[in-house]
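S.K.: With the sequences and hints as input, model every part of the structure.
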Amino acid sequence: MADSTKIETPARTVETVTFTINGRTATVAKGTTVLQAAHGLGITIPSFCWHPKLKPVGACRMCYVEIEKMPKLQVSCATEVTNGMVVFTESDKVKQGRRAIIEFTLLNHPLDCPTCDKGGECDLQNLTFAHGYDDSRFAFQKLRKIEAGVPSTFDDIKIGPEIVLNRNRCILCYKCVRANKEAFGEYDLGAFERGNHTEINAAPGQQVDNPFSGNLVEICPVGALTNTDWRYKIRVWLTDQKASICPFTSSGTNIQFYVERHKNRIFRTTGRRNDAIDDGWLSDVTRYGYQIIQSPDRLKTPLIKKNGKQVPATWDEALAVAAARLTEIRDKKGCVCVGGLASPSLDNASLYTFNKFMRVAMESNNVDYRTEYRRLPSSLDNPYDIAASQAFTIADIDESDVIVVIGSDLVREHPNEYLRVRKAEQFNRSKVFLLNPLSTKPSDVAALELVHKPGAEEIAISAICLAAMESGWASGVNADDLKSKTGFKKAADAAGACGLDLIEIQAVARAIAEGKKITIIAGELVTRSREREAIGAALCNLNRVFGVDGKGQMAILARHANSVGAARLGLTPDLGAGFAGALKSIWGQYPETPPQNTDAMLAAARKEELDAMILVGVNPVMIYPDREFAREALDKLDFLIACDLFETETTQLADVVLPLAGWAEYRGEYFNLEGRLQSAEPGIAPLNEARPAHQILESLAEQCGSPLFAGMDQRNAEMEKILKVDIRRPWPTGLIEVKPQPQETAPERTVALIMGDDPHHSGYLTEKAPSLVGFCGEAYAELSPELAAKLKVGAGDSVRLEAATGKIIVPVRVSEHIDNDVVFVPRNFMAAPVNSLVSRKQRVDWVKISKVSD
Amino acid sequence: MILTAESIKQIKESAARYPHRKSAILPAITIAYRQVGHLNDDIYREISKIINIPQSEIAEAATFYTLFPKQPVGKYLIQVCHNISCALMGADSLVEYLEHKLAIKKGETTKDNLFTLISVECLGSCATAPMMQINQDFHENLTPAKVDKILADLKAKG
Chain A
11 MADSTKIETP ARTVETVTFT INGRTATVAK GTTVLQAAHG LGITIPSFCW HPKLKPVGAC
71 RMCYVEIEKM PKLQVSCATE VTNGMVVFTE SDKVKQGRRA IIEFTLLNHP LDCPTCDKGG
131 ECDLQNLTFA HGYDDSRFAF QKLRKIEAGV PSTFDDIKIG PEIVLNRNRC ILCYKCVRAN
191 KEAFGEYDLG AFERGNHTEI NAAPGQQVDN PFSGNLVEIC PVGALTNTDW RYKIRVWLTD
251 QKASICPFTS SGTNIQFYVE RHKNRIFRTT GRRNDAIDDG WLSDVTRYGY QIIQSPDRLK
311 TPLIKKNGKQ VPATWDEALA VAAARLTEIR DKKGCVCVGG LASPSLDNAS LYTFNKFMRV
371 AMESNNVDYR TEYRRLPSSL DNPYDIAASQ AFTIADIDES DVIVVIGSDL VREHPNEYLR
431 VRKAEQFNRS KVFLLNPLST KPSDVAALEL VHKPGAEEIA ISAICLAAME SGWASGVNAD
491 DLKSKTGFKK AADAAGACGL DLIEIQAVAR AIAEGKKITI IAGELVTRSR EREAIGAALC
551 NLNRVFGVDG KGQMAILARH ANSVGAARLG LTPDLGAGFA GALKSIWGQY PETPPQNTDA
611 MLAAARKEEL DAMILVGVNP VMIYPDREFA REALDKLDFL IACDLFETET TQLADVVLPL
671 AGWAEYRGEY FNLEGRLQSA EPGIAPLNEA RPAHQILESL AEQCGSPLFA GMDQRNAEME
731 KILKVDIRRP WPTGLIEVKP QPQETAPERT VALIMGDDPH HSGYLTEKAP SLVGFCGEAY
791 AELSPELAAK LKVGAGDSVR LEAATGKIIV PVRVSEHIDN DVVFVPRNFM AAPVNSLVSR
851 KQRVDWVKIS KVSD
Chain B
-6 MILTAESIKQ IKESAARYPH RKSAILPAIT IAYRQVGHLN DDIYREISKI INIPQSEIAE
54 AATFYTLFPK QPVGKYLIQV CHNISCALMG ADSLVEYLEH KLAIKKGETT KDNLFTLISV
114 ECLGSCATAP MMQINQDFHE NLTPAKVDKI LADLKAKG
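Line order of the protein sequences matches chains A and B. Just so you know, the numbering used here puts the end of the first sequence at 864, numbered straight through with nothing missing. Just so you know, the numbering used here puts the end of the second sequence at 151, numbered straight through with nothing missing.
If you're looking for bench data, these hints aren't it; they were derived computationally from the structure. Treat the hints with caution; some may be incorrect.
Unchecked claim - Cross-link-like lysine-lysine pairs, in silico, DSS-like; alpha carbons within 25 Å at most:
#  : chain 1 : residue 1 : chain 2 : residue 2
1  : A       : K433      : B       : K15
2  : A       : K493      : A       : K749
3  : A       : K463      : A       : K63
4  : A       : K152      : B       : K68
5  : A       : K155      : B       : K99
6  : B       : K42       : A       : K802
7  : A       : K463      : A       : K451
8  : A       : K191      : B       : K42
9  : B       : K15       : A       : K63
10 : B       : K42       : A       : K800
11 : B       : K68       : B       : K99
12 : A       : K191      : B       : K15
13 : A       : K65       : B       : K15
14 : B       : K42       : A       : K451
A quick note: this is a predicted structure, and the numbers were derived from the prediction, not measured.
M.R.: Here's what the structure looks like:
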């Protein structure tokens, strides 16, 4: 696929040069290559090995141009434009050069286009038609690379769960190896041997299974790398492309579906490069996640519970039952008895309809979208939400000279931003600092990685503030004030309390103080913490001490595809007077009832003070940080409606189950973490009887006797008005008291449990994508070699993880990148529900760990 | 562990000499080759841990250089140049003669594990063609009589 012709000029260059190309005179920034300049002027130069996001290598020689006063043809991808340069891209000499290069490139290429999966979108095929000719002087036997002892068709070998390699087709542009190393920092693929015998292959004894491996296939200019997801299923020219966005990441990666309309089926996902967001790279979760939509396990019809058993029903029946029961409960006992949770991955229309459904049709303020966090604040007016509402621009990471990641396992939570951080280090020599309770990627490019005690985030941040103050970098902050607000007299005390060296803390403080452009990213480890408000307060102080807002950006990043939309559309229970007033003026009414958040709703349900709940795309039993608590609560409800794509532990408890359409099945709009509004086209029509959430909720409201909108126009107009409400809160001007919570000491023989997403999964649905299961199909406990040795376990053994609330048994993965006092378990697998080990009251989830003997 | 403490020490010492870590790859594989006599994936893995560079990068560098054997070879590795100058001067018959003398085919090792015979690309000694390299030494302007003497000397040395 031809790369975009966007012109990329190196940042911070103001000097320009003027040159002539094909008789046209043009001025470009100094440092621009001839190829980039030509593309910017609309002149196409063919190439195989050039990629806009990688350093040029000049491996393929296809981009030859003629430059006056230079005796030979030059590779335009690696030649910078100079003043007075005269370039020709279509002269006879150039045409002859291209033709010769094509002839050489085809030297060992098998010409098996009819059986090659790349046919129709192959750069080599296209450029041969454009620049080659129909004969070759190389009439001898082509070199064939055959894997001894591996029976395969067309000499294909599988080098990763999703990647098939055909070395004979490879033209050695090295794009895959370069992207893997330069952009992703992965070394599971290499170029081995020399000359004619050079081959791309997996590293000895390894599989190409890094979290970005799908990109390698996408950028391959020939059919050397193909993926098992797509190959031999359809020819590319039989598909239509539909522009969508990724529902698994909060940056809203731009993707496109390849769809066969008559079959109503998506065949694959590729990138739709957007330099402001994703640079064209997709994580594998983004790439293969579409498969969940076409899973045979999807709910096919609504279900109604009859005599304790869920039986299939028609939509009319299900909606009638749901509406009748909801109205009954609402009218009989008053509105506080209905609660609702919606997924922050839903589109704006669905979230807004949900909000209005709950507050207008159900007359209840029990609305929330944050199901996976414990001890939530009800309103947005707290230091955590101040830090979370700050403006953040993904592309600004590139130019930041100092990047600090606090409480975020970047590659698992924010793959796009992870790649941006790597890019900044690679191309901008940015200094990267990681401050986490466990070692995380990109530790290989970090200037310094600080691993603090679990549950000491705010103390570590305070230590940085105090260190800055002691070194005289915190101008305008009163030293005594800072000491009393942080609760520590000296940086050394705070550093000691969180288990870090003062020298390391000082190094971070110095970097932030001296940095010209700062990016500070905080993530899920902060949001998931019970003490998120204390950490938020510490971040506010960090901003105050260093004046981060004056020279960069700092934010706690949203985690879900539309977390920002959910907050802006008012899905938090307590909206405050201003926001509530705005809604009241639009709706003409606003419920007076006490607002309850997820915790409060589940607690009330448990005490039988809440009678009914409606869940849209959420699975509290799987994701709420206290599994049994959530299950008991939902079980005690008189009436539960669950809308989801699949049968889950939660839908099993429901009285009415409604099949939900996924994001790929209807048009939706989403706010990414920057607050950028993006829209996603439907790839296919909803499968089976699934319906979009907004449609379900509208029908339900109508049946309840309180229709929500006269039409789509009314809904959109209302949303427009609501989105004018500014929920951003400014950084506080003074210091805030950080109440460091007395650290719970680790009980005997326990380790701290950290749960999160596996790099190949996101949430609880990706288990339904076969490709992603191919990368990682079951939960595991990631342990340090030392801890593994202490427990006498190795790869292949299983361990039992036990807490007061439950236990799970999972296989062991030994990793050198994790510390001795923590264990990481992915939360993506239904068979090993890690949320059964956590309790809503704990700050650090201590678990007992022991070997399972056969 | 395949590498001895002495090799590991040498690798670490040489790695300390370079401003870029990657520069340490070639000295490291050379040290390993001198100790073991050939290279393989296990050796790459060990080097990778010592100088903290991904295994694939070590393997890439090592496989690029054909002068590092990747399989066990005899005590004396005979590399006959088969490029243009040597070919014109009779490299082919030189290989045939060696095959006959050693009673092995090109690419094989003698039963006593003393000799391995291979032919290689240009060794940069065209003026003295035909020629061969045995371990670190060049043997030039070869004739059957010369080859007989060289082999006899090496056999005597054992």
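S.K.: Indicate, hint by hint, whether the structure satisfies it.
M.R.: Do the hints match the structure? See the list:
Proximity of K433/A to K15/B is assessed by CA-CA distance (about 20 Å); at most 25 Å being required, the pair is judged to hold. A threshold of 25 Å between alpha carbons decides the hint, and for K493/A with K749/A the separation of about 12 Å falls inside it, so the pair holds. Of the pairs offered as hints, the one joining K463/A and K63/A is violated, with about 38 Å between alpha carbons and a cut-off of 25 Å exceeded. Of the pairs offered as hints, the one joining K152/A and K68/B is violated, with about 35 Å between alpha carbons and a cut-off of 25 Å exceeded.
The straight-line distance between the Cα atoms of K155/A and K99/B is roughly 21 Å, inside the 25 Å bound, and the hint therefore holds. For the hint pairing K42/B with K802/A, the CA-to-CA distance comes to about 23 Å; that is within 25 Å, so the pair holds. Our distance criterion of 25 Å between C-alpha atoms is met by K463/A and K451/A, whose separation comes to about 18 Å. A hinted pair counts as satisfied when its Cα atoms are at most 25 Å apart, and K191/A with K42/B qualifies at roughly 18 Å.
Using a Cα cut-off of 25 Å, the hinted pair K15/B and K63/A holds, with the two alpha carbons roughly 23 Å apart. Pair hint K42/B plus K800/A holds up; C-alpha atoms about 23 Å apart against a cutoff of 25 Å. As the CA atoms of K68/B and K99/B are separated by approximately 16 Å, the hinted pair is consistent with the 25 Å bound. Pair hint K191/A plus K15/B holds up; C-alpha atoms about 14 Å apart against a cutoff of 25 Å.
A distance of roughly 18 Å separates the Cα atoms of K65/A and K15/B; the hinted pair therefore holds under the 25 Å criterion. Between K42/B and K451/A the CA atoms are separated by roughly 19 Å; this keeps the pair inside 25 Å, and the hint holds.
Going through the hint list in order, the structure does not satisfy hints 3, 4.
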